[in-house]
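Asks: Chains A and P, in that order, are what the protein sequence lines are. Heads up: the first sequence is residues 16 to 285, going by the numbering used here. Heads up: the second sequence is residues 16 to 285, going by the numbering used here.
Hints are supplied without guarantee of correctness; some may be wrong.
Label-pair restraints from in silico Cβ distances [what the hints assert, rightly or not]:
id: 1; chain 1: P; residue 1: S234; chain 2: A; residue 2: S248; range: 46 to 56 Å
id: 2; chain 1: P; residue 1: M16; chain 2: A; residue 2: A269; range: 17 to 27 Å
id: 3; chain 1: A; residue 1: K279; chain 2: P; residue 2: Q21; range: 16 to 26 Å
id: 4; chain 1: A; residue 1: R18; chain 2: P; residue 2: E179; range: 25 to 35 Å
Derived list of chain A stretches under chain P, where covered just means 3 residues or more per stretch with a C-beta under 8 Å from a C-beta of chain P [claimed, not checked]:
id: 5; region: 74-88
id: 6; region: 111-123
id: 7; region: 160-171
Hint data in this document are derived by calculation from the structure and do not stem from the laboratory. All figures in this text were calculated on a predicted structure; none of them were measured in a lab. Here a beta-carbon is modelled for each residue, glycine too, at the ideal position from N, C-alpha and C.
Protein chains: 2
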Amino acid sequence: MLRFSQKLDRAWAVSGTSLCVGLDPVIARMPPEIRIAPRPVLAFNRFIIDAVGDLVCAFKPQFAHHAAEAAESDLAETIAYIRKTRPGVLIILDAKRGDIGSTAEMYAREAFDRYDADAVTVNPFMGDDAVLPFLTRPDRGAVVLCRTSNPDAARVQGLNSSGEPLFAALARRAETVWNRDGNVMLVVGATAPEDLATVRAAAPSLPFLVPGVGEQGGSAEEVVRRGARADGSGLIVSVSRAILHAGDANAVRAAALRFHAELKTREAVG
Amino acid sequence: MLRFSQKLDRAWAVSGTSLCVGLDPVIARMPPEIRIAPRPVLAFNRFIIDAVGDLVCAFKPQFAHHAAEAAESDLAETIAYIRKTRPGVLIILDAKRGDIGSTAEMYAREAFDRYDADAVTVNPFMGDDAVLPFLTRPDRGAVVLCRTSNPDAARVQGLNSSGEPLFAALARRAETVWNRDGNVMLVVGATAPEDLATVRAAAPSLPFLVPGVGEQGGSAEEVVRRGARADGSGLIVSVSRAILHAGDANAVRAAALRFHAELKTREAVG
Chain A
16 MLRFSQKLDR AWAVSGTSLC VGLDPVIARM PPEIRIAPRP VLAFNRFIID
66 AVGDLVCAFK PQFAHHAAEA AESDLAETIA YIRKTRPGVL IILDAKRGDI
116 GSTAEMYARE AFDRYDADAV TVNPFMGDDA VLPFLTRPDR GAVVLCRTSN
166 PDAARVQGLN SSGEPLFAAL ARRAETVWNR DGNVMLVVGA TAPEDLATVR
216 AAAPSLPFLV PGVGEQGGSA EEVVRRGARA DGSGLIVSVS RAILHAGDAN
266 AVRAAALRFH AELKTREAVG
Chain P
16 MLRFSQKLDR AWAVSGTSLC VGLDPVIARM PPEIRIAPRP VLAFNRFIID
66 AVGDLVCAFK PQFAHHAAEA AESDLAETIA YIRKTRPGVL IILDAKRGDI
116 GSTAEMYARE AFDRYDADAV TVNPFMGDDA VLPFLTRPDR GAVVLCRTSN
166 PDAARVQGLN SSGEPLFAAL ARRAETVWNR DGNVMLVVGA TAPEDLATVR
216 AAAPSLPFLV PGVGEQGGSA EEVVRRGARA DGSGLIVSVS RAILHAGDAN
266 AVRAAALRFH AELKTREAVG
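Bound-form chain A, shown alone:
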């Protein structure tokens, strides 16, 4: 059994990129022939996976987009389809779970057993109690919200915590306390590049999941410059709408290739 950090290294090595594509199916924005399929959510996800699966280190299925459509079985089959067709690719369930104790354990069971995700996004508003239940399996990880990409992110995340912003304090705690099994990542948005550098200074070794490149306006080049680890690695850069809604399969692939070119890690191996 690979540990989470080994899976991550493998995903980067096999793909040669830090590009991750979010799977946020929106029926109204799907190509017409997919929109009328019997299971449009599953059909759309497979369409994207087929178009860009060789260009990504990770896929990030978004929970709400499936839950609003009562498409839990589509979500499960999507993940199984990635496992079958792209076995080295990391799967991050973006569900932003934020609960404690036995309830958080239920969410871990859901993400890791029911859906077989490698990692799940987690909200730390309730403190350690909301994070630690997701870290008991060395082969599965938690991706903890730290400094998100949205306009009002700083209201809570930017508060002072013993002389530094909360996002820096959370990063430090993640690096020094939560990461005993090497299975913690942080969500750090591309839209605040200076804060990205601050989080990197507070958590020199942790991998980051970086949203906000693409339609939200963040720059891939700047993300790499400010957010990478000293050795140039450590990033999963997630793009959703700018790729998902590009058009037909050729247009989707062309959009992904542009991000892929900006987010090369090394020559792909394996």
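Here the structure of chain A is known, so what remains is to put chain P in place on it, guided by the hints.
Replies: Below, chain P without anything else, positioned relative to chain A:
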């Protein structure tokens, strides 16, 4: 169409209590004859609703306990069963959603359209962007995490925000900015009574959802004394395990009656 605040007033008036029972089905802790039912989650929820439905102002189905069992259809049927058998009772989906923009809108659709909940719990770590999408329907509410009942709650929620704890700042913002349609509530735990009084001072008019009474050790009498509005109203006090796991139907009802006696609002009407 009743507004959310009218639904809440009706729920208190019909039941004469501030008691809410959480529906957190755990198969291993169910009575043996329910555990072996074809759909144990639904059977257990109906068992609880039948036993205590006349003693509560609200039921609070817990999302994770259903999601871990792939029991979305049981969750939907549970809510429909409450609507049918206890039409005046408020239904709060405890899912602690914490996402932004179009994703948060998807979660609102899930809670209000798919599951027909009256309110959903919401996590404000991402700021206004995570709260406002749940407030666009005057007949549905958001119950925003403010000061939770768990041991490490203060790590984030107790940080200083312009001279007061974050939980007080969130309460003030909820009262003065978010509550334009009268559909905001706050989660304030029973385990920190002084903080409960602080939140009440910051949000004099908002209703509170108060967990932490029962197995977590909070006192119902102290919750009412510290947390009620000036007129004595304004509370939904949620108890889960101390009632759910009491035993057979008579034991469950007896456990609920003890809390009900401590949490009377006025003589039930209607």
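Asks: Check the following: the C-beta atoms of P:M16 and A:A269 are separated by a distance inside 17 to 27 Å.
Replies: Violated, since P:M16 and A:A269 (Cβ atoms, about 48 Å apart) do not stay within the stated range.
Asks: Falls inside 16 to 26 Å, the C-beta gap from A:K279 to P:Q21?
Replies: With a Cβ separation near 58 Å, A:K279 and P:Q21 fall outside 16 to 26 Å, so the hint is violated.
Asks: Against chain P, does the region 74-88 of chain A show at least 3 residues with beta-carbon separation below 8 Å?
Replies: holds (count 7)
Asks: According to a criterion of three or more residues whose C-beta lies within less than 8 Å of a C-beta of chain P, is the region 160-171 of chain A covered?
Replies: holds (count 9)
Asks: Mind checking, does the region 111-123 of chain A have 3 or more residues with a CB under 8 Å from chain P?
Replies: Per the Cβ count (11), the hint holds.
Asks: Is 25 to 35 Å right for how far apart the beta carbons of A:R18 and P:E179 are?
Replies: Violated: the Cβ-Cβ distance is about 43 Å, outside 25 to 35 Å.
Asks: Check the following: the C-beta atoms of P:S234 and A:S248 are separated by a distance inside 46 to 56 Å.
Replies: Distance hint for P:S234, A:S248 holds at roughly 52 Å.
In terms of the numbered hints stated before, the structure departs from hints 2, 3, 4, listed from lowest to highest.
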